[in-house]
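With this note's numbering applied, the sequence shown covers 66 to 240.
What the hints contain is simulated information worked out from the structure, not anything from laboratory work. Computed from a prediction, not measured in an experiment: that's the story for all the values here. Hints are supplied without guarantee of correctness; some may be wrong.
Straight-line C-alpha distance at most 27 Å; calculated DSS-like pairs for lysine-lysine [to be verified]: (1) 83 x 170; (2) 210 x 98; (3) 210 x 83; (4) 147 x 95; (5) 142 x 98; (6) 95 x 178; (7) 167 x 95; (8) 95 x 142; (9) 98 x 178; (10) 187 x 170.
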Amino acid sequence: MERTLWGHLPLLVRANSKESVEYILQSLWKTRKTGLDADDRRLICEMLQLQNDSDLDPLLVCLRMLIRRCVYENISKDDIQKLFPHEVLPELQRLLTLLLQKFQKEWRAEIHKDEVSLPRLKAMTWNMGNQDSEVTEPVAVINLKFLLIATVPCGRRKSALLWFYLPMLLTVVES
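Construct the entire structure; sequences and hints are all you get.
Right under this line is the structure:
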């Protein structure tokens with residue numbers, strides 16, 4: 066399937082300028098979570114002089130795949146051009162390579178900012194609490210130590226919601 070998607074890249078040649086292709090890539094990045102709205106789709110169709118909106122979808126899929134590979138797989142700047150098969154026009158390869166290189170660092174910084182770092186469980190101990198009291202129900206006191214890998218910026222609080230598997234807790238309490 067990826068082979069057939071590359072065949073849609075020549076539609077970018079219809080763009081009036083490098084800035085138009087740059088706008089398309091930036092729009093795809095900004096809408097990576099939500100998808101393009103109707104106005105953006107219409108504008109991109111006009112930029113590429115497309116009569117039919119359905120011709121746009123395969124091109125957008127191909128460009129999103131390229132963006133993802135460059136950003137999420139951290140493809141080196143030298144290897145970006147190697148992503149393209151030989152049938153993609155050399156001038157189109159150069160243009161997309163330049164633009165992807167231009168935005169790669171910025172986009173990678175954005176994904177790192179969006180990443181959620183969850184604390185890792187470092188140690189867990191438990192003991193029976195209130196053994197001296199006259200409560201008939203046993204009480205387990207669970208001590209958890211977490212390791213937070215990411216640094217926490219000043220002024221931002223991080224909290225964690227802990228979920229426990231009930232049968233596991235019952236086993237701890239009963240033993």
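Hint check results:
Only pairs whose Cα atoms come within 27 Å are accepted, and residue 83 paired with residue 170 is accepted, the gap being roughly 19 Å. For the hint linking residue 210 to residue 98, the alpha-carbon distance of about 34 Å lies beyond 27 Å, and the restraint is violated. A distance of roughly 53 Å separates the Cα atoms of residue 210 and residue 83; the hinted pair therefore is violated under the 27 Å criterion. Between residue 147 and residue 95, the direct Cα distance comes to roughly 25 Å. Compliance with the 27 Å bound is thereby established for this hinted pair.
Simply put, residue 142 and residue 98 have alpha-carbon atoms about 25 Å apart, close enough for the 27 Å limit, and the pair holds. A threshold of 27 Å between alpha carbons decides the hint, and for residue 95 with residue 178 the separation of about 14 Å falls inside it, so the pair holds. Restraint check for residue 167 and residue 95: the C-alpha separation of about 15 Å stays at or below 27 Å, so the hint holds. Restraint check for residue 95 and residue 142: satisfied, since their Cα atoms lie roughly 21 Å apart, inside the 27 Å limit.
Under the criterion of a C-alpha separation no larger than 27 Å, the hint pairing residue 98 with residue 178 is consistent with the structure, at around 15 Å. A hinted pair counts as satisfied when its Cα atoms are at most 27 Å apart, and residue 187 with residue 170 does not qualify at roughly 33 Å.
The structure fails hints 2, 3 and 10 (numbered hints given earlier, in ascending order).
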